[in-house]
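Residue numbers (our numbering), protein chains in the order written: chain R, 1 to 220; chain F, 1001 to 1126; chain B, 2001 to 2286.
Just so you know, the hints here were simulated from the structure itself, not pulled from any lab data. Some hints here could point you the wrong way.
[Unchecked claim] DSBU-like, lysine-lysine: derived pairs with alpha carbons at most 35 angstroms apart:
no.: 1; chain 1: R; residue 1: K76; chain 2: B; residue 2: K2125
no.: 2; chain 1: R; residue 1: K148; chain 2: B; residue 2: K2125
no.: 3; chain 1: R; residue 1: K169; chain 2: B; residue 2: K2047
no.: 4; chain 1: R; residue 1: K148; chain 2: B; residue 2: K2047
no.: 5; chain 1: R; residue 1: K76; chain 2: R; residue 2: K169
no.: 6; chain 1: B; residue 1: K2047; chain 2: R; residue 2: K76
no.: 7; chain 1: B; residue 1: K2092; chain 2: R; residue 2: K76
Please read these numbers as outputs of a predicted model, since none were measured by experiment.
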Amino acid sequence: MTGLLNAIRLDHRIMRARYPMLLLLLAIGVAVGTLSASPLTTIVLVTLITAPIGGSYFAVVETSRLDHLYGTLPLKRATAEAGIYVHTALLVAANGLLAGLAAFGIDILQHLHVDGGSVAVTFALAYLGACVYLALLYPLYLAVPFSKVYILTNVPFYVVAVGLIYVAKRTDWLRGLAPIADFYQHHPGGACALTIAAGLALLAISWAGGHAAANAARRR
Amino acid sequence: MRIVVVNSGEPIYRQIEQQVARAVLAGELRDGDPLPSIRQLARDLRVSVITTTRAYTELEQHGFITTVPGKGCFARKPDPAQAHDQLRGEVNGHLREAVAAARLAGMSAADLVGMLERVLREDDHG
Amino acid sequence: MADALRVMGLCKSYPGFALTEVSFSLPEGYIMGFVGRNGAGKTTTIKCVLDMLARDGGHIEVLGHDAIDDQVTVKQDLGVVFDQPFYPPEWKVAQVGQALRPFYARWDEALFHRHIDRFGLPAGKRVRELSRGMGMKLMLAAALSHHARLLILDEPTSGLDPVARDDVLDVLADLISGGGVSVLFSTHITADLERIADYITFIDAGRVVFTGAKDDLADAYRMIHGGPGQATDQVRRRAIGLRSTEVGFSALVRSADRAGLPPGITDQAPSIDDVLIHIARQGDAR
Chain R
1 MTGLLNAIRL
11 DHRIMRARYP
21 MLLLLLAIGV
31 AVGTLSASPL
41 TTIVLVTLIT
51 APIGGSYFAV
61 VETSRLDHLY
71 GTLPLKRATA
81 EAGIYVHTAL
91 LVAANGLLAG
101 LAAFGIDILQ
111 HLHVDGGSVA
121 VTFALAYLGA
131 CVYLALLYPL
141 YLAVPFSKVY
151 ILTNVPFYVV
161 AVGLIYVAKR
171 TDWLRGLAPI
181 ADFYQHHPGG
191 ACALTIAAGL
201 ALLAISWAGG
211 HAAANAARRR
Chain F
1001 MRIVVVNSGE
1011 PIYRQIEQQV
1021 ARAVLAGELR
1031 DGDPLPSIRQ
1041 LARDLRVSVI
1051 TTTRAYTELE
1061 QHGFITTVPG
1071 KGCFARKPDP
1081 AQAHDQLRGE
1091 VNGHLREAVA
1101 AARLAGMSAA
1111 DLVGMLERVL
1121 REDDHG
Chain B
2001 MADALRVMGL
2011 CKSYPGFALT
2021 EVSFSLPEGY
2031 IMGFVGRNGA
2041 GKTTTIKCVL
2051 DMLARDGGHI
2061 EVLGHDAIDD
2071 QVTVKQDLGV
2081 VFDQPFYPPE
2091 WKVAQVGQAL
2101 RPFYARWDEA
2111 LFHRHIDRFG
2121 LPAGKRVREL
2131 SRGMGMKLML
2141 AAALSHHARL
2151 LILDEPTSGL
2161 DPVARDDVLD
2171 VLADLISGGG
2181 VSVLFSTHIT
2191 ADLERIADYI
2201 TFIDAGRVVF
2211 TGAKDDLADA
2221 YRMIHGGPGQ
2231 ATDQVRRRAI
2241 GLRSTEVGFS
2251 ALVRSADRAG
2261 LPPGITDQAP
2271 SIDDVLIHIA
2281 RQGDAR
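Throw the hints in and build the complete structure from the sequences for me.
Have a look at this one:
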């Protein structure tokens, strides 16, 4: 556990210089939400566009040869990898929650009457989306130097978008969605918890895959 | 005690050995005087620890120093026979060098012996 | 005598290059020069010791522990320096110490500050503002601040001016004089090692060509020189990296091969450079 905390703290120290970027993303989300009078949009936007910030971690690792640093530290590789996941997950959560607060602000200022349940559910779903993004990309970043794959940074969005369009066109998704929407409406607390747990579970699976991918890469 | 090491082709451990032996024979190092430790000497001379170890081993074998476990290395009053051997060894070495140089210069054995006699005479008068 | 580092039969292959059965041992308390030209496999070997690259075969032990399976324990006692600083460029010198401290049970903050003072590194200077020599000294300061028992330096002096190189050797000489630290120093600048190294391991094209006490190198090989006419077939057969000109030839030979060569051929103890160059030339010629 100490190892994991140390790893997270190290990632924080590595990423610290890039935190101002998070505020910028927050500002963008707030601007959009204010202009469109849709505070929920703020939450979704901020949470999702914060996810790619992990890419800058891998970029720094590559340009400053931080793999040498990790190679010398008494830290298990799997722990170091877990640290990256946890740290990014925390950053996304933090920015998303700030966005939630901002959403309330917009709501109050614009007299929109968005209820707490909607905010929570929106956050949870957006967070799940961010987790899907990270779960897809991090194993790749762990195995391949960032400069070789950074063009794929946005691919998960496209994949998911295409997937959603496919589902929308081919299935009667509205009907399937109704019971789910119902569940969220009547049990917001439980639904949020489940959603976030699902996101974290995806990250855990991704971590296992990323560890294996990184190992395979070291063999080369 | 002064020890200087040069890139003369002579193995460094032998240079150290000779200089310490000479210091002991000349009385600069008296019986019981402490010597720098093997590692300290290696650091000061910027040579390897194995080199100084070897020098001290040779010196101990020839009776010029003694090692007390836990305390260090100390000079030892030389046995006159030993001193004699050491110095004879040096003369021998110098003579060999002189012979090699003489050959290069194209001097004959007779030339060389003549030169040796001249030097001995000068030394007697000086 | 315990070994600080024992590499046994290390194998690692890439397309076009392979480490083949690399084996050598460094006894505790001594300095080993790990010598070879660029691309010979020094960095690859070191990365295998650190498990930055997965080895294909062989075993590695550091201070009595398996270097791969026990790496978290091992790395507590290991200090590593590479040729370029491996820290985020915006970190300040003092922040490097702060970042590393939680990982090491024996991190000595006061010692870290003594080292950076001694090396003339301002605590507030950022990593990206450090010159090459200062960057290397920063890594060295960090490597020396958790009472490491084995120091691995991968080409720490390449790109440094002679003064900076001398500083590094000073630090290493001091370190060794205490007796509790062992050093593996990989370099292609053999002048650095000529006097201070106790042991040498030569690597060429992924294979160990010689490993042992540096003084034994002179016992194992001789540099021979002769006139142009003396480069007989016998000489050519025994010569390693023969270099022949109008005014004569020079080559390395194994000491055992020295006897029986034509008279008039002079020989002397080889410098580390001599061995490196001639073995490498021989390898190229094949």
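Q.
Against the 35 angstroms threshold, does the CA-CA distance of R:K148 and B:K2047 hold or violate the hint?
A. holds, 22 angstroms
Q) Does the alpha-carbon distance linking R:K169 and B:K2047 stay inside the 35 angstroms limit? A) violated, 52 angstroms
Q | Straight-line alpha-carbon gap B:K2047 to R:K76, limit 35 angstroms | A | Distance ~15 angstroms between B:K2047 and R:K76 Cα, so the pair holds.
Q: For the pair we were handed, R:K76 and R:K169, check the Cα-Cα distance against 35 angstroms.
A: At roughly 46 angstroms apart (the allowed maximum being 35 angstroms), R:K169 and R:K76 break the hint.
Q | Proposed proximity, R:K76 with B:K2092 (alpha carbon, max 35 angstroms) | A | Distance of about 26 angstroms is within 35 angstroms: holds.
(Q) Check the hint pairing R:K76 with B:K2125 against an upper bound of 35 angstroms on the C-alpha distance. (A) Judged against 35 angstroms, a Cα distance of about 30 angstroms means the pair holds.
**Q.** Pairwise hint evaluation, B:K2125 against R:K148, where the allowed Cα distance is 35 angstroms at most
**A.** holds, 32 angstroms
Taken one by one, the earlier hints fail for this structure at numbers 3 and 5, listed in ascending order.
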